[in-house]
Each structure stands twice: as structure tokens, then as C-alpha cells.
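One-letter residues, chain by chain:
Number of protein chains: 2
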Amino acid sequence: MSNNSAFANLPAPPYYVVVFTSQRTSGENGYDTTADRMVELAQSQPGFLGIESARSEGGFGITTSYWTNESSIRAWKQQAEHRIAQEKGKERWYEHFEIRIAKVERAYGQQQQGNP
Amino acid sequence: MSNNSAFANLPAPPYYVVVFTSQRTSGENGYDTTADRMVELAQSQPGFLGIESARSEGGFGITTSYWTNESSIRAWKQQAEHRIAQEKGKERWYEHFEIRIAKVERAYGQQQQGNP
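From first to last, the protein sequence lines stand for chains R and D. Counting along the first sequence from 1, when you hit position 3 you're at 3 in full-length UniProt numbering, and nothing is skipped either side. Counting along the second sequence from 1, when you hit position 107 you're at 107 in full-length UniProt numbering, and nothing is skipped either side.
Rather than coming from a laboratory, the hints here were simulated on the basis of the structure. In this text the structure is predicted, and so the values were computed from the model without any measurement. Please note: incorrect hints may appear among the correct ones.
Stated by the list, open to error - Result set (DSS-like, lysine-lysine): computed pairs, CA atoms no more than 27 Å apart in a straight line:
#	chain 1	residue 1	chain 2	residue 2
1	D	Lys77	D	Lys88
2	R	Lys103	D	Lys103
3	R	Lys77	D	Lys90
Claimed, not checked - Examples of chain R residues lying across from chain D (beta carbon under 8 Å, computed):
#	residue
4	Ala6
5	Gln23
6	Ile51
7	Gly61
8	Thr64
9	Lys88
10	Lys90
11	Trp93
12	Glu98
13	Ile99
14	Arg100
15	Ala102
16	Lys103
17	Val104
18	Gln111
Said to hold, decoys possible - If the Cβ cut is set under 10 Å, some of the chain D residues that face chain R in the computed set are:
#	residue
19	Tyr16
20	Val19
21	Ile99
22	Gln110
Ideal placement from N, C-alpha and C gives every residue a C-beta, glycine not left out.
Let the sequences and hints guide you as you build the complete structure.
The following block contains the structure:
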């Protein structure tokens with residue numbers, strides 16, 4: 001089963017990545033709606049390049065969002081609706097999270113042939 | 001439920017991250033044993049700082065490994081047993097993967113209080 005839409009389609013480096021690793025609390029508590037909305041909102045921000053996300057059964061997840069430069073990351077962090085979501089995240093949704101901002105210097109990949 | 005062992009315990013930046021995003025093929029095909037072995041082996045490599053990993057039900061996953069510098073990342077890529085695993089990954093385990101090597105410049109996080 002192919003799932004290529006899960007991959008961000010990115011330009012050649014350099015660009016930036018925000019690595020967001022998190023442990024969810026138990027219970028949904030309105031998380032899914034806000035998470036979907038934040039992806040939608042991020043996509044409309046200047047400098048947004050793409051996003052990838054995975055969460056294991058136990059609630060540990062990694063989301064990587066990609067941006068043209070640091071200033072677009074800072075602007076996204078300050079975006080009003082996003083700030084409200086961040087507060088809810090701290091209070092309700094995440095037991096623990098870590099954020100690392102990094103400059104992508106090299107990138108490569110491979111896709112098996114013969115897949116649709 | 002706390003799952004803090006899923007988080008890498010990292011020093012202050014700068015350091016490097018390898019972001020490995022992948023779509024698994026269907027079927028186990030010996031993947032789990034090798035994946036566990038590669039984590040064990042990576043931990044014994046010079047420059048290794050930590051690793052975090054999440055995979056969603058559909059088989060899309062993100063693994064972030066953290067390293068002191070680029071040369072330790074290059075050395076790990078060339079490590080003999082790891083090279084064999086990389087070949088199997090391309091042939092059997094991953095329908096599609098992308099690797100981004102990035103320099104972490106800033107990092108912050110938060111853990112809820114009152115958790116064990």
C-alpha cells in the first residue's frame with residue numbers, strides 16, 4: 001500500500017526543519033480537530049514547505065515541519081490561533097514535548113519502482 | 001501513562017539530527033530484529049547522542065537520530081553491519097524513504113508536572 005502523500009515534497013536544501021516529538025496524554029480532549037486545523041493553518045503561512053507526522057500506538061509521536069528559513073518558523077510560533085493551540089497543548093494534550101529547530105544541509109531518498 | 005524513555009536525553013545545541021521518514025512495505029520480513037539491532041549498534045557508535053522513533057498504523061514512520069557532528073553520521077552510514085541493513089531496507093522493508101541531515105541550532109521542551 002502506497003502512502004506517498006505522507007511524505008513532504010521538498011526543494012533541495014538548505015531549508016529548516018522543526019522536529020516536534022511528543023507524548024500525548026490519554027483521552028482525545030478535542031485534539032484531533034485542532035491538530036487538523038493547525039496543519040491547514042501552517043500550510044497557509046509564508047515559508048511553509050511541508051509536514052510529516054507519525055504517532056505510535058502508545059501515544060509517542062514525531063512531527064517534522066519544513067520551512068524556508070528561521071524567520072518563518074518564528075512567525076508561525078507567534079501566529080495568534082497557533083498560540084492558543086500551543087497553550088492547550090501544554091495544558092491538555094501533551095504530557096511531554098521537545099522541539100528542535102535545525103537547518104537541513106543534505107537530503108536524499110529512494111522510492112521503490114513498480115509502485116503506483 | 002508516561003513514556004519518557006521514548007525521548008532522547010540530549011545536550012544543549014549545536015548537534016546534528018538525521019530525520020529518517022519511511023513507508024514500510026507490508027509484511028514483517030525480519031524487520032523488527034534488524035531494527036532493534038541497529039538501535040543497539042548505533043548506540044555504540046562514536047558521536048551518537050540519542051534516537052526517537054514513531055510509526056503510525058498505516059506504516060508511515062519517522063525516526064530521528066542525534067549525533068555530535070557530521071563525521072559521526074557519515075561513519076555510521078558506512079558501518080559494515082549497518083550497510084547490510086541499509087541494502088535490505090531498500091530491497092524489502094521500505095517502499096519509500098527520505099533522509100534529511102540537519103544541524104540543530106535551538107531546542108526547548110516541556111514536561112507536565114505531577115507525572116511520575
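**Report entry** Lys103 of chain R as an interface hint toward chain D, with CB separation required under 8 Å
**Finding:** holds (5 Å)
Query - Proposed proximity, Lys90 of chain D with Lys77 of chain R (alpha carbon, max 27 Å) - result: violated (37 Å)
**Report entry** Per-residue hint verdict: Gln110 of chain D, partner chain R, C-beta under 10 Å
**Finding:** holds (6 Å)
Query raised in the report: Hey, does the Ile51 of chain R contact hint survive, CB to chain D under 8 Å?
Result: violated (11 Å)
Query raised in the report: Hey, does the Ala102 of chain R contact hint survive, CB to chain D under 8 Å?
Result: holds (4 Å)
Query raised in the report: Can the hint on Ile99 of chain D be confirmed by a CB-to-CB distance to chain R that is less than 10 Å?
Result: Interface hint status for Ile99 of chain D: holds (6 Å vs cutoff 10 Å).
Query - Agreement of hint Val104 of chain R with chain D interface, Cβ distance less than 8 Å - result: OK, holds: Val104 of chain R within 8 Å of chain D, min 4 Å.
**Report entry** Restraint status (C-alpha distance of Lys103 of chain R to Lys103 of chain D at most 27 Å)
**Finding:** Answer holds: Lys103 of chain R to Lys103 of chain D is near 5 Å, not above 27 Å.
Requested in this report: Against chain D, run the beta carbon of Arg100 of chain R and see if the smallest gap drops under 8 Å.
Outcome: holds (5 Å)
Query raised in the report: Going by Cβ atoms only, is Ile99 of chain R closer than 8 Å to chain D?
Result: Given a least distance of 6 Å, the restraint on Ile99 of chain R holds.
Query - Agreement of hint Thr64 of chain R with chain D interface, Cβ distance less than 8 Å - result: Where the cut-off is 8 Å and the nearest Cβ of chain D is about 6 Å from Thr64 of chain R, the hint holds.
Query raised in the report: Does Val19 of chain D pass the interface hint, meaning its C-beta sits closer than 10 Å to a C-beta of chain R?
Result: holds (6 Å)
Taken one by one, the earlier hints fail for this structure at numbers 3, 6, 9 and 11, listed in ascending order.
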